[in-house]
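Undergrad: Residue strings, one per chain:
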Amino acid sequence: MAESDLSIINLTKTYDRLTAVDRVSFTVPQGSFFSILGPSGCGKTTLLRMLAGFISPDSGDICIGGTSVLNLPPNRRPINMVFQHLALFPNMTVAENVAYGLRRRGLDKAEIAQRVQKMLARVSLPDAGPKQIDQLSGGQKQRIAIARCLVLEPALLLLDEPLGALDLKLREHMKIELKQLQAEIGTTFVYITHDQSEALVMSDHVAVMNRGRLEQIGTPQELYYKPKSAFVAGFVGVSNRLNCRIVSHNNAELILETQQGLNLHSSAIKIDKTYTGSAVAYVRPEAILIARDHAAVSSFSNQIEAKIGSILFDGANSSAILNLPQGESLMVALPQDGRMSMLQVGETVHIGWHPEATLCFPENTV
Amino acid sequence: MQLLRIEAPGGKLTFLLLVAPAALWLTALIIAPHIQLFIISFHEPSTSNAVATGLSNYREFFVEPLYWRTFARTAIISIITTILAVIIGLPVSYYIAKLTRGYRKSVLFVACLLPFWVSELVRTLGWMILLRETGVVSNLLQVLGFVNHPVELLYNDATIIVGLVYTSILFMVVPLVNAFDSLDDSLVEAGYDLGGNIFSVTWDIIIPHAMPGLMSGCIVVFMLSLGNYATPTLLGGKNSLWFTEQIYAQFITRFNWEQGAAFGFLLLILSSAIIWLALRITRQRLVDVVR
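These protein sequence lines are chains C and V, in that order. For the first sequence, my numbering assigns the number 2 to the initial residue and increments by one for each residue that follows. For the second sequence, my numbering assigns the number 1390 to the initial residue and increments by one for each residue that follows.
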């Protein structure tokens, strides 16, 4: 275990009768970008505030490098936090904001000034020192809020959805910038978000939380391609969700039937052989091949003829919603080479996908 | 509060009509009498009907030690009252604004407001019942064996200050609660997160945020104390030496309107000067404070 790995052991917090965080355990290796992803109310904010020290857990432990920090108050933990609305002090200049934590540590003025200047240069705002907070743009404020924490050289930096308040363009830009900054500085980042794209783009590892419990921890690729639960399959990325019953189940393949009578073949099975209840199947829009002639899809075990219901043009992310003869509708990604750009609503097309692209789970786990 | 820009046709007329009652009230009840008093204050005292003008009423204030010392004493006690109101008001308002919510918050706020449903005179008499020689506190101290004879707790400066703080604390709490309400909790948390403690967070983050509200509370409390008449007179007794008593004495007892008018103006000018000085020292602007 490295010197400042963060490990969380069986952390639990209950409010009245609601369990906000339920026996959560994980380890964040030093220097990695770790995200906690979940819908609002899943307990991620409670978890973050326990890490910062604003809430004390009912049970469990938080350790940095093997030493518990549970008994340290927030002002003495080697953990700093970037708040959702940044919480920059409006009555202080940029330099005073960055210097705040160093002043609290009682460093002498010359050293504070030097370290503040170095930090401001690091976040590419070397001349921002004498500015007032309201003179900064959204992205600059973001960087100052991070600089204010990083100047203290914390073992861990917590970020509470700091990109939420930015507009879309800037948010996309800040995602890349944050990832680069983290890679340069090497401080462990724990990033909280409900936006799966932020988590996937920036993180080394992502923990998906739902109803106070950890659903899955893994690399973004693992979460996307090998979700362990129906919740993760549905929450991470876009997926077509189909409610089914099990028709037959042998070792290699599962045959499902949707409520409207569509048959699906699946080989990505997270269902026990003894299970006979209803199931849910997830198919990613980009896993489905769409073609004008049947020959192109004839090799797939799942093949359907469908009508185009509507076309959602979004450049490289364009997709179409198909109406299946059985009554279901499926979202299908359109090929990026523009082959299908002349599709018309109402046109008949052929679609197909491999059985391993049908992820199926027992329904009661959702 | 922000003034809305009126752009509707006939907006000017609407504005004039809305402002008219306030303007009338100000003119008829504040400005006009003050102009009259201002003129009177320059009249020389004389026994004949002929009126002479001069500065002798104002000179009297600076020449006669009783007068300016009474004013200085009034100002100092009012400043002490203001400081005490700040010391008590800050934690009370912070508690109401930040640490309670919903029903409890309303109850606490009403509890602060409730004493003001009773007239100031009755409230002050309440203090007299508690503090006089044969009063509740004196009896209690005797019963508990702390003293073996009745104690007189009225008619000293400390009692005046207690009464004044009690009378004016609401005017400190209301602007402070408003100021704290607008303070983002995460600023306080960020202060702690970055290594601050209760003192540094209060001094560096909470007080600067509340400063305009704090100053507006201070101005109101200071002015109310300075201009108070009933509380110092009743709790301080005959020797309370409050400046408003001097004004009262000049107008009513001695029938010296000229001198009373001059004192009235001196009170206005000197108290404004003290407030101006306080705003300069704390680097606040009046426009922010009254917002």
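Bear in mind the hints are in silico, worked out from the structure with no lab data behind them. Each hint should be verified, as a subset may be incorrect.
Simulated restraints, written as ranges between beta carbons of each label pair [to be verified]: (1) V:1465 / C:110: 31 to 41 Å; (2) C:91 / V:1503: 28 to 38 Å; (3) C:119 / V:1573: 21 to 31 Å; (4) C:110 / V:1505: 43 to 53 Å; (5) V:1496 / C:28: 26 to 36 Å; (6) V:1505 / C:125: 33 to 43 Å; (7) V:1505 / C:119: 48 to 58 Å; (8) C:112 / V:1505: 29 to 39 Å; (9) V:1442 / C:91: 46 to 56 Å; (10) V:1508 / C:72: 53 to 63 Å; (11) V:1496 / C:59: 36 to 46 Å; (12) V:1541 / C:108: 24 to 34 Å.
Heads up, the beta-carbon is just placed ideally off N, CA and C, and yes, glycines get one too.
Undergrad: All hints, please: hold or fail.
TA: Hint check:
1. Between residue 1465 of chain V and residue 110 of chain C the beta carbons are some 38 Å apart, a value that agrees with the proposed interval 31 to 41 Å.
2. At about 35 Å, the beta-carbon gap between residue 91 of chain C and residue 1503 of chain V stays in the expected band of 28 to 38 Å.
3. Checking the proposed 21 to 31 Å range against residue 119 of chain C and residue 1573 of chain V shows it holds: the Cβ atoms sit about 29 Å from each other.
4. Range check, residue 110 of chain C to residue 1505 of chain V: Cβ separation about 49 Å, and the 43 to 53 Å hint holds.
5. Range check, residue 1496 of chain V to residue 28 of chain C: about 47 Å between beta-carbon atoms, so the 26 to 36 Å window is missed.
6. Take residue 1505 of chain V and residue 125 of chain C: their Cβ atoms lie about 56 Å apart, and the range 33 to 43 Å is violated.
7. As the Cβ distance of residue 1505 of chain V to residue 119 of chain C is approximately 56 Å, the hint placing it in 48 to 58 Å holds.
8. For the pair residue 112 of chain C and residue 1505 of chain V, the supplied restraint of 29 to 39 Å is violated, since their beta-carbon distance comes to about 53 Å.
9. For the hinted restraint 46 to 56 Å between residue 1442 of chain V and residue 91 of chain C, the CB-CB distance of approximately 53 Å keeps it satisfied.
10. The supplied range of 53 to 63 Å is met by residue 1508 of chain V and residue 72 of chain C, whose beta-carbon atoms lie about 54 Å from each other.
11. Roughly 30 Å separates the CB atoms of residue 1496 of chain V and residue 59 of chain C, a value that falls outside the hinted 36 to 46 Å.
12. At roughly 56 Å, the beta carbons of residue 1541 of chain V and residue 108 of chain C sit outside the given window of 24 to 34 Å.
Violated hints for the displayed structure, listed by number in ascending order: 5, 6, 8, 11 and 12.
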